[in-house]
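S.K.: This is what each chain is made of:
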Amino acid sequence: MNLLDRILDPFRGRAITIPPYDGAWRPNTALDTARPVAALPGADNLCADGAGVVWLSAGPELLRLEGDAPVAVARYGAEITALCAGADGALLVALDDGGLFLRRGDAQEDVRGLLPRRVSVTAAMADGAGFLLAEGSASHAASDWPRALMARAGDGALWHIDPGAGRAERVAGGLAFPAGLARTAQGAPVVAEAFAHRIATPDGSRPLLERIPGYPGRLSPAAGDGWWLAVFAPRNRLIELVLREDRYRADMVAQVPPEYWIAPALHSGASFLEPLQRGGVRTMGVRKPWAPSRSYGLVALLDAGLRPQASFHSRADGQRHGATAVLDHAGRRLIALKGAGEVIELTGDLP
Amino acid sequence: MTLAERLTRLRYNRVPDHLLGEILAKNWTDNLVPFAFLIVVVATFGTLLPGFFSTASVIDTTRQLGEFLIVVIGLTVVIIGGGIDLSVGSIFALSAFSTLMTIYVGGASPGVALAAALGSGALFGAFNGFLVGYLRLRAFLTTLVTLIIGRSLYDILITTWGTRLQSSPIFNDSFDAIGMNSVAGLPISAWIAVAFTILAHLMMSRSRMGWHFTAVGGARRSAYNVGIDVRRAVFLTYVISGVSSGLAGYLFAARLSGVGPGTGWGLELSALTAAVVGGNSLGGGRGSIPKGLMGALAVLLTTNGLIRMGAGTGTSQMVVGLMLAAAIILDVRWLKNRHKVLSEVYVAPLHHAMQPAVSAQPGSGTSYALNDALASAEPIALGTVEGPEDVILDADDNLYAGTRHGEIVRWFAPDYTRSEVFSHIGGFPLGLAMDRAGQIVTCVGAMGLYGVSKAGEVTELATETRRSLLSVVDDARLRDPNDCDIGPDGRIWFTDSTTRYDAHDWALDSIESRPTGRLLVHDPKTGKTRTVLKKLRYANGVCLSHDGQSLLIAESWACTVHRYWIAGPKEGQLETVIRDMPGYPDNINRASDGTYWMAWLGMRTPSFDLALRHPAMRRRMTRNLPQDEWLFPNINTGGVVKFDDTGRIIATMGDLGGAAHPMVTSIREHKGWLYIGGILNNRIGRIRLPGADPDWTSWESYWGARP
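These protein sequence lines are chains A and B, in that order. So the first sequence is residues 1 to 351, counted in the numbering used here. So the second sequence is residues 1 to 707, counted in the numbering used here.
These are calculated hints, taken from the structure and not from any lab test. Ideal Cβ placement from N, Cα and C applies to all residues, glycine included. Incorrect hints may appear among the rest.
Here chain A is said to cover these stretches of chain B; the calculated rule only asks that three of the stretch's residues, wherever they fall, bring their Cβ under 8 Å from a Cβ of chain A [claimed, not checked]:
#, stretch
1, 174-182
2, 681-695
One side only, chain A facing chain B, incomplete, derived with CB under 8 Å [what the hints assert, rightly or not]:
#, residue
3, Ile16
4, Pro19
5, Asp32
6, Pro36
7, Arg64
8, Leu115
9, Leu243
10, Tyr248
11, Asp251
12, Val253
13, Pro258
14, Trp261
15, Phe272
16, Val281
17, Thr283
18, Pro292
A short, non-exhaustive set of chain A residues, derived as facing chain B with CB atoms under 7 Å [stated by the list, open to error]:
#, residue
19, Ala15
20, Ile18
21, Val71
22, Arg75
23, Met252
24, Val256
25, Arg278
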């Protein structure tokens, strides 16, 4: 069948399809109407430590959220790509260039040396006395994910470090850009593979959630049971086509500036040099909310078995795109929108 | 350019891929399959059976063909009208019977017998038509019932009268002659069939009644809505079918001078097979008499051939049944998938290497750098106008624009809050110009060039030009007339942007990037229209230069402005004024200071420019993705560019956010203001032009006294 398909495909043309926003993924405008907390260009990570302090990052800046006001705490040499509070109250700060620090109060320890090579961490999760680290791609930095996608990188890995014992080991490899970490109800770690649009066990043997209609990113625990998933970019059929078109893609990567690629993005529409699809043409002053788009705002609430329960959207005509982190802490549900450069809060009852 | 790219260019620019789509778009492609099938049948039996096409054999075949064909034609009319008639065999037998009764029992002339045959056919057909047309019973069951009733009636009659018919002492030579004689080598029945076929074809393709049948079969509700008497049309198709069967029965009776219990038995199956094998769709609305002819030939040759090869009745019936099944499957599959196939293969992209453009990035410091000047334009008719592609003002400062509802709307000076429908044209009015008398000349999408007088009366100026010798699409048609301007001598110069896409699909032309745009000229004095330039990549704006000697022509997908000399020493020459712009040019109009305004309908993007060099990728895109997902040039950001006769860029304005004027398709300067239109916009904008002549109007510039 496979061979027959391959022979026939050039003649009949095969439709490229992507999962629709349906069921628990049904679109709404919940992100557009959510309460604004703070405008913060580059807002990316959110986490709370044992003392109840809410930490966030924006570019190279580490900040603390006091009420609704972000207060700058420290500035690093590169973009902060992961934040995680450890079991002993330490705060792990991972940088795009591979930097890895453990902060305790104002003191900090450089733990980069634990790892055998430079690891650009996309997400971290406390694990026993140490941390689990997701490395999006061994060949690309965490912030360079569009290039990694265009290269169809499948060299992501999962690391376990134990700073107390001074140990580090690679737990799994060959992952399609892992960008989020969570646990099953039994406590086994699972990883969100952004480029495979799924959440699965690190060895890939058991997918828990597949056909996610976007690029899944960081996972964080929800109050009660379950998990929050930040889907940082949408799937798009033209992009799926480009991912199959090797010659065009190679030329595009070589000749076109990355911000104008036919590639998913955290935000779009800023420049007239960006690609446009027919459905996105503004007609009679209106851009359709269901227009194909390179960027999208999407956050999902998953149950303890990582099945989607509800989703919160900002559609093609919205602005609150590129959600990268959710923090459900002390009765507040904060969302960092790296694309829109904003922190917002979901209020009210969940469906 | 690398070798691989050169090869790609050769492959996609030399191989005429676009012809496949153009041929498939033709209605006559429906005939290709039955025609090929007929050829196969002829070739097969011609080779297998020596003497199958000898004169004697052919004459014998045509004798049968005459009767069979007439029945098939009648049935074809019913099928085109959206029905089915299973009772043709019964009507055939009953008519043959009444013919013979009239002659051999009644002793009447063949003429009276013909009237009896046609009358009984018409009566039976009218009965069918009444039940199906007026009482709206289901055609299949109704004619199945009348098939049974007719057949039983015939059986009763033939057992009662059969002996009397056979023992009748009457001989009628003229009646026998109709069945036996030939004229010019062909049997009389064949001549009658030919005449009948031609008449039926003319009726179906050229007469009001035939068009009504097709309309009713194609879309009953729409036919009703446009005022066709649907019930009467359905009724008439059955009457025609009945009359046809009656005529065929008459010819059959004349040929054999007798009837038996098996007369007309199974005729409905073979006639239905013939009609469907010929390509008439059982769903109605798609079909023609020539299709019925092809089907009749194919079925008759097949059954005769099989009988000659010694196959039994069962076998030949089986083959006919299989042919019917195959034809129905093909019909259903083809009808269902034809538009899919067409939309998948129609777009045939070319390799087109655009040269790098000067940056239009804000702050880049180039003359093309876009700003936000249009974002603050004062809106006119916001939310009430849809698609003002072009705008024009008259001597009293009233504003006119076309809308996608097919109207030209007039807004009254000075505040443009009151408006009226100035004239209704029906097609989408695009480019506008005003002649010496104040008449508006407009290019109407998919229609042609029209004039609208000051009183709002519409006159057709030009709707066709001379057809190219070798084009498959009918390029005599003006498919996408876009912008026009008027020369000092009154000749109207206008562009037809593409011959490949309809006006509303204009942007798809950019994906293909095939140069099919034209410049045409219409002379109101002679009424003639002539093609002047061809092979432009979306010929768009056209503007008469200030000296009246040349035209400026925008070639949108090439991002180029040309000058075409219409007078003076360079008359007839084409030269390029501006090339490799970062935006796609649309309409061009005069500015008050002796320069020109040009609208940009969109901006080039690096990803689209690159895609233009990858035709195979674009081709797969059009085949594997729905249209809404296709990569487009960025037509969400446009602009306005001012340039002079040498092609020097003087100023560029834009709306970067795109909230007010995302796509700009036209601009018109009038008394110190610049009016802005956009084909996908919901407003007309105007901005004050600082330092512009506050008395200057475009009309004065064209027709006023020259200093």
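S.K.: Kindly indicate which numbered hints from before are broken by the structure, ordering the numbers from low to high.
M.R.: Hints 1, 4, 5, 6, 7, 8, 9, 12, 13, 20, 21, 22 not satisfied by this model.
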